[in-house]
Amino acid sequence: MNCELAHERIVLAAYGELPDEQGHELDRHLAACTDCSQEREQLLALKTLATAYPVVEPDPNFIARSRMRLEESLDAIPPKRWYERVGQRIVNNFSSLQAAPVAAVLLLIVGAGAGTLGGYEYAAARTAHNAGRAAAAQAKLEHSRDTAPAEIANISSIEREPNSEIIHVTYNQLVPQHIQGSLDDPGIRQLLMLASENATSPGVRDDSVGLLAAECRAGHGCQGEGIRDALMVALRYDKSVAVREKALEGLQPYVAEDMRVRDAVLEALLNDGDARIRTAAITILEPVEADTSVRQVLSTVANSDHNPQIRTVSRQVLSRAPEIQ
Amino acid sequence: MDGPDRAQERLQARAPEMELIREAQAGSRAAFDALVRQYEQQVLRLALHLTGSEHDAEDIYQEAFLKAFRYIGNFRFECSFYTWIYRIVTNLCLDQLRRKKTRREDQAVVVDHSGDEIDVLASVSDNRSFSNPAKELDRKVLGERIQVALSKLTPRERMVFELKHYQGLRLRTIGEMLNTTEETAKNTLFRATKKLRTQLAGLR
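Respectively, the protein sequence lines represent chains U and A. So for the first sequence, our numbering puts the first residue at 71; every next one is plus one. So for the second sequence, our numbering puts the first residue at 1466; every next one is plus one.
None of these hints come from the bench; they were simulated from the model. Quick reminder that beta carbons are idealized off the backbone N, C-alpha and C, glycines included. Misleading hints may appear alongside valid ones.
Derived EDC-like pairs: lysine to aspartate or glutamate, alpha-carbon spacing no greater than 16 Å straight-line [to be verified]:
#1 U:K117 to U:E87
#2 A:K1659 to U:E109
#3 U:K309 to U:D344
#4 A:K1532 to U:E142
#5 A:K1532 to A:E1505
#6 U:K309 to U:D277
#7 A:K1659 to U:E78
#8 A:K1532 to A:D1498
#9 U:K150 to A:E1488
#10 A:K1532 to A:D1560
#11 A:K1565 to A:D1498
#12 A:K1532 to U:D145
#13 A:K1660 to U:E109
#14 A:K1659 to U:E111
#15 A:K1532 to U:E141
#16 A:K1660 to U:E78
#17 U:K309 to U:E267
#18 A:K1659 to U:E74
#19 A:K1659 to U:D105
Some chain U residues close to chain A (C-beta under 8 Å, calculated; not the full set) [to be verified]:
#20 E78
#21 Y85
#22 E87
#23 L113
#24 A120
#25 V126
#26 E127
#27 N131
#28 F132
#29 I133
#30 S136
#31 P149
#32 S234
Where chain U lies over chain A, by a calculated footprint (3+ residues, C-beta under 8 Å) [claimed, not checked]:
#33 1632–1646
#34 1656–1666
Just chain U, same shape as in the assembly (with noise of 0.2 Å):
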C-alpha cells in the first residue's frame, strides 16, 4: 500500500467507512509508516477540535415560530384541483415505468409490434383502396372515352332560364353494373328472367331462358313460379326460335302437374310458327296425351297443321291414346 492511498484511508477508517481487511491493512502500513501515523495523528486532532463548534439542537420555540410560518404560507397554497391530482397521478405511473425496465421494455415491444401491425395493415388497406381507386378512375375514363354518348339513356327535358344562356336539361342515364353469384342466388335469377323478357340481344335472352330451363329441368328450386312464368312468356312471345326451344325443354317437367304450362305448350303446339316447336311440343305432351284438352289440341293439329310430318306424328300419338286409356 502506497502513502497516498494510506491517507484516504485513514480519513474513511476515522469515519467507520473502512472494510475491516482494508482497516487490518492499513494498521501493517502505519505501524510501518512514521508519516502515515502522523497523518493519522492530524486527523484524529481535527476531529477533536471539529467538536468545539457542536450541533446545537434547535431551540423549541425556534421550531414552533418556524412550523407557524410554515402553515401560514401552507394555508395560502390553494387546493390541487382533481385535474391537477389526475394528472399527476398520470406521470407518477408513466414515471415508474422508470422502475421496471423490464415491464418497460415490453410495453415497448408490444407497442412497436402492435405499431407495425396497424402500419401494414394501414398501408395494405390503402395500397388496397388506391388501386380499387386507380382501377374504378381508368374503367371511368376509359368508359367515358367509348362510350359516353351510349350512357345517356334518354333526356326527360330541356328548360333554358330566362334571359340566359343557362340551359337545364335532364337526363337518365344508363350506368353499367357487373355481378357475380350462384344460379341458385336469387339476385341472379331475378336478373336471369329479366333478361328472358327484355334484354335486346337475342343472344343474352337464349343464354338466360338456357340457365333457368337447365334449373328447372335439374328440379333446382323452380317449385316458385316466377321461373316457370319467365320460361312461358319466352315459349309464348319470344321472337327467337332458340330461346322458345330452351323454354319448352325448361317447362317439361312441370307438363303434367302445372295446368298453366300444359296450356301454353299447347297454345305452342296449335300457333308457333317454327315446326321444330310445334314437333317438341307433342314429345313433350306425351305423358298428359290422353288429357281432353290434349286430345282435342292434338287432333286439330292433325286436321289442319300445314306441315304434314308433324299431322303424321300426331295422328300417331292420337292412335296410340285408346291403347293407353
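Got chain U sorted already, so can you dock chain A onto it with the hints?
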C-alpha cells in the same frame, strides 16, 4: 436477536410513514403536517449548523417544506422519505452557502432571527470545561476558528463534511442526497479534511 428486532421496528416505524406520505400525496394537509413534525427538528438542526444563522435556517426550513408540499406527488418511494427531504434541504443549503461565498460573509458566530449573536458554545454542556471559565473561553474562540475554517471550504466540501462529521451519515447516503456517487463523496470528504487540517494547523 437484536438485528431482526431492530429491522422489524424500523419496518413498523416506516409503515405509518408510508401511509402518511400516501395521504399527503392524495392532498391531506393533516398527513403532511405530521410528516413536517417528524422531520422539522433534524432539518432545522442541519440548516442552523450549516448556515450559522437562525434566520437563514428558518428560510431554508420554510422553503424546503413548501417544496416538499408542492412536489410530494413526485415522491415515488424509490428512496426513503428521509433521503428525499434531506436532498431538498441540502440543495437549498448549498445554494445558501454559494450565495454566502459570493458575498464573502465569513460569519464566525450564529445569528438569531432578530440579528443578535448567539453564543452557541455556551449553550452546550461540556463535562471537560463546565467548571473552568478560561477553558470555556478558549473553547469559544476555537469554535469560531473552526467556523471560519469551515467557511473556507467549497459549498460541496462543506456539505459533505457536515453530513459526515456532524450528522454522522454514511457516505453512500450522502452520495444519494447530493445526487452523486459514494466514491465522489469519499473524495470530497478527503479534500475537505485536508483543507481543514491546513486551515487549523496552528491550533493544536
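Legend entry - Contradicted hints - numbers only: Violated hints (numbers, rising): 11, 27, 32; every other hint is consistent with the structure.
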